[in-house]
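Colleague: Given these sequences and hints, build the entire structure.
Protein sequence lines correspond, in order, to chains S and D. The numbering used here runs 188 ahead of the 1-based position in the first sequence. The numbering used here runs 965 ahead of the 1-based position in the second sequence.
Calculated directly from the structure, the hints in this document are not laboratory data. Mixed in with the good hints, there may be bad ones.
Pulled a few chain S residues facing chain D out of the computed Cβ check, cut under 8 Å [as the list claims (entries may be wrong)]:
#, residue
1, T214
2, I218
3, R223
4, F280
Ranges of calculated distance between the beta carbons of each label pair, as one might list FRET restraints [to be verified]:
#, chain 1, residue 1, chain 2, residue 2, range
5, S, L265, D, T1582, 29 to 39 Å
6, S, S332, D, D1646, 48 to 58 Å
7, D, L1653, S, L360, 32 to 42 Å
Here are some, though not all, of the chain D residues that point toward chain S, as calculated from beta-carbon distances under 10 Å [stated by the list, open to error]:
#, residue
8, P1343
9, Y1580
10, D1583
11, E1624
12, T1641
13, E1643
14, T1647
15, R1648
16, R1693
17, D1708
Note that the coordinates shown come from a computational prediction; the quantities given were computed from them, not determined experimentally. Even for Gly, the Cβ is constructed at its ideal location relative to N, Cα and C.
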Amino acid sequence: MIGARYIATSAFVLAAALGILGCDDTVTAILESNRKISMYATLDMNADTQFVRVVPIRGTINEQVDPMQFALRSIDLDNGSEVEWEDSLITFSDGSEGLVFFAPLRVFPGHTYRIEASGGNSELVTSAETTIPQIPTVAVGPDSAERFVTPSGFFVISRQDVVWNGLEREPLEIELWYRFLRTPRSGFDDIRFPFPPDGELLGDQLSFNLDLAAQRFIVADSIDTRRTAFIGLGMRITILNTAFVPPGGVFDRELLVQPGTFSNVENGFGFIGTVGRFSTEWVLQEDTIRLLDYLYVGDAFGKVDAQQVQEAATATVRLTPAPN
Amino acid sequence: MSLRRIGLALAVLLVVDATSAFGQSATLRGLVRDAADGLPLVGVNVALDDGSGGLYGNASNLDGFYTVSRIPAGRYILTASYLGYATHVDTLAFSPDEIVTYNIELSTDDQVLDEVVIESEKETAGAAAVSAGLQTIRPQDIENVPTPDVSGDLVSYIQTIPGVVSSGDQGGQLFIRGGEPSQNMVLIDGMLIYQPFHLIGFYSAFPSDILNSSDVYAGGFGARFGGRISSVIDIAARAGSKRRFGGAVSLAPFVSGVRLEGPLARDRVSILLSGRTSVIEQGAARLVDEDLPYVFNDQFGKLHVDISQNHQASITAIRSYDRGTVGQVLADDPNARVDQVVWRNEAYGARYVLLPVQFPVYAEILLSQSRVSNEFGPSLSPTRFSKSSQFEFAANVTHYLGDNDLKWGTYLRSSELEAEFGGSFQNLATDVEFVTEAGGYLEPEFKFDVGTGLVLQPGIRVQTFPSKSRTFIEPRFRGVFNYGLHRLSVAAGIYHQEIIGITDRRDAGDVFTAWTTSRFIDVAEAVHLLAGYQLSLPFGLDFSLEGYVKELSNLSTSEWTAYPRFTTRLQPADGDVRGADVRLELTAGRFYGFVNYGYAEVEYRARQASLPLWYGTDELVFAPPHDRRHQGNALASVRIEKFKLSVRWQYGSGLPFSEALGFDEYVFIDGPTDVTAESGDTRVLYGLPYQGRLPDYHRLDVSLERPIEFGPHVSATIQAAVTNAYDRNNVFYVDLFTLRRVDQLPFIPSAGIKIEFK
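Modeller: Laid out in structure tokens, this is it:
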């Protein structure tokens, strides 16, 4: 028979020995990585100051990181110009703070910018390259207007073509507005259309056939067209750069939050995209304006003033030119 | 199968019984009780010997009932034997077609009692007596496991079973052979208890002194059980003494409790009441000088009535309450979460047992109502709330057909599931659902060479959910072959689970469970296959080896997301569990001990829309956080003079956890974005899920007990114990959001006393 004391003693010794053998109780929960910083921005062609949010990657959720140790610079890869950005600690509306770098910087269509962040005890530089959408061309066709009389009255058919060429992708936003002026010295009243016009995208060409007569009724709901002079029309498209393509084609927050799924940042996470905004304005022929029953600017202010107003306000395709 | 068909089958079975009853054979049946307190004795072998080699017999069941049928007319010597009790011998004569009711009372054998621990002779009782996934746990088994309390608890023993993985000293989560806690069915007296394990891992709602026995089916359970896909813990609570009043009061640094029992009408009606409450904050927390913010308690009551020789009834009620903050809150971390989890269980039930006078049948009828509620969030304003209730009517019938038994049953369940979440949780809407379920089972038991030969138990279970237009037909099989000292066993079955419990397993500290119906078109399904071998050597050494496979499909697992929040969505997953257990048990004089080792592999394969984007694969293959590959337990208990020394050492290889690159703020950019106005959402930059492994877990617990007699009616037990004797820094979990480490309980010395009167 096995001695009870012997067995009990053996069990103790065995347990103690195993306890000593398995004494490593350390846990390493953070993986080694060369990704140190996340960056977020949309460089906007229309803005004269750009902003980049820099988020240091931290080891715990509540770790405090000194924001002053980071630096950011941008390089225009098309002309070599470099800009050192200034840092700023911003308090958001929810009370949290974030490190945002800013620089007085205009970005140009077709140019590629490299954004580099460094610091945080890391030799590595976190960077992203992003390209502003190419400048498109726009052609505004002649306006037409015709009045038809019926036994019960009359109606007007008036249309005009606007064609954008050289678009890299479908615009994010399309805006159309009608411009009015109450007095020669007052500001313009822009009646923005409540819904974007229907356009047809074919390759890099986006075409609109504007129904000016139908739009007349909508505009008349917003402004007194008998007392306010009609100046012209304007259209603007906002277009994101080609990197702005989420996996699966849908901007789903739950999907895109997964690290690396929608990122153009090297040695880090995040996304830096660009936005191009291109607009054009034009005037209608006097006959068209009258047939559409708008107040012609010459009737409102006299011919001299009308010419000055129109020259100042419209008739130019205002697309920002790119420097050399 | 329609209810009409089930009814038709019942009628046929009664005809079969009537035929057997009016054949040429007799039937003997009755109740076996302890002469001291009138309590039923389980597993007593009742044998009839005709003196010429004809042997007939059976063992008493959980209610103490036994039935021996198809006995040829004649004279027999009856023996009723039970270890630790004096053998009862009598001579009986049977006429053809006679049904004899013969109750037996056994008295303890004082000479034997001094030497050995009284043990039920149920063949699945004992640390190495696993048979096709079934192991029976008796109160005396539990008392051998050292705990920081004088009284034992069922869960402390269950945690010594290989293949059972617990969330640790805290959390109250048990994973049985790869199954999640909500995939385990826990029954007491036939009543479902949703979440019976307390927040501190040493305790459940089942103290050992209310238990009769507990059958733990780690898999491959028979057709009687359904609605869960992993395991069944079927607990039989004992009744109070019908002959004398008794009770106990215990005081210890973790839990203190009271038990009262006694006859309300001698030999007819008894009551057993038990209540325990945690005193951790006042006791153990001071011992270790550490915050242990846990409060729990449980109450149990059972009224048992012997209506007549052929009828018994009982009413059982149980409640439990848990509240606590899982994981430690670091004093120097003001931003650490202080969410607390609260859950409450309630179950009330009535059980009626009858042996019809005309038929060799044992039948029970059960009515029960079970409830659970869960809360999670700040203590005064929980953000998540879930509750579930179930009403059940069930009837279980056993027909004794000579060597063979025929078991069948039917049931009707109605569940109400309700949840409210602050924000979304696992894409569950705030909702109330009603689910009705009906079904039945048929499970014959064919015995060849009773006691030593082959027992085959094929079965079929039908479950139908009219409101869901779903019906499941589940074949089951259990088989045991005894050959001398050897036993081979197999089990297999198909299982479905319509009502599931959902927990965000990404964070071990989050034990909030929402009970709901299956979230996908296909409900969770499991296929089990087990095979085992057992060897019982005559000098008290038992050995067993069992292998198992579980194929899981249509599981609901947490969607993988980088948002560090508990509110997330579900993804479907399939899984495989493979493993094997080896057990060795030795009983030698005053020494009792066992060692066991379990190897297991759990693998999940999850599908999620974002996986191709994130990891470049349609399917994420990972080991879930309960995939403990290696596990071992060693327990030794020895009686030295008046003392009982118990030592338990447990080992578990490291559990998977998710490593991360760190944290950042995520700014959602879907167009021109003003980054000076968007603060962003905090994000976890995960590596591949569950690729890390925590350090191995091991712990040594020791207890020393000494009983003291103060006379024939009063005794006391004093105990000194140490938990985590060598103060191992076992990791409980790594906080998902702060990546801070949360440890299990440290070295805890404790002392307790229990005073019993009888």
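Colleague: Would the stated hint for F280 of chain S survive a check requiring a Cβ distance to chain D of less than 8 Å?
Modeller: Holds, because the Cβ-Cβ distance from F280 of chain S to chain D comes to roughly 4 Å (cut-off 8 Å).
Colleague: Classify the hint on P1343 of chain D as holds or violated, based on whether any CB of chain S lies nearer than 10 Å to its CB.
Modeller: violated, 18 Å
Colleague: Does the nearest C-beta of chain S fall within a distance shorter than 10 Å of the C-beta of R1648 of chain D?
Modeller: Where the cut-off is 10 Å and the nearest Cβ of chain S is about 6 Å from R1648 of chain D, the hint holds.
Colleague: Restraint: D1583 of chain D near chain S, CB-CB cut 10 Å. Satisfied or not?
Modeller: Violated, because the Cβ-Cβ distance from D1583 of chain D to chain S comes to roughly 13 Å (cut-off 10 Å).
Colleague: Taking the least C-beta to C-beta distance, is R223 of chain S closer than 8 Å to chain D?
Modeller: With a closest approach of 6 Å, the R223 of chain S hint holds.
Colleague: Was the hint right that D1708 of chain D lines chain S, CB cutoff 10 Å?
Modeller: holds, 9 Å
Colleague: Tell me if the interface restraint on R1693 of chain D is satisfied: Cβ within less than 10 Å of some Cβ in chain S.
Modeller: holds, 7 Å
Colleague: Given T1641 of chain D was flagged as interface, is its beta-carbon under 10 Å from a beta-carbon of chain S?
Modeller: With a minimum Cβ separation of about 5 Å from chain S (threshold 10 Å), the hint on T1641 of chain D holds.
Colleague: When the nearest CB of chain S is found for E1624 of chain D, is that gap smaller than 10 Å?
Modeller: Holds, about 5 Å.
Colleague: Against chain D, is I218 of chain S within 8 Å by beta-carbon distance?
Modeller: This hint holds: I218 of chain S lies near chain D, its Cβ roughly 6 Å from the closest one there, short of 8 Å.
Colleague: Restraint: T214 of chain S near chain D, CB-CB cut 8 Å. Satisfied or not?
Modeller: holds, 7 Å
Colleague: For the hint on T1647 of chain D, does the least C-beta distance to chain S fall short of 10 Å?
Modeller: For T1647 of chain D, the interface hint holds, since the closest Cβ of chain S sits about 6 Å away, which is under 10 Å.
In this structure, the hints that do not hold are numbers 8 and 10, in rising order.
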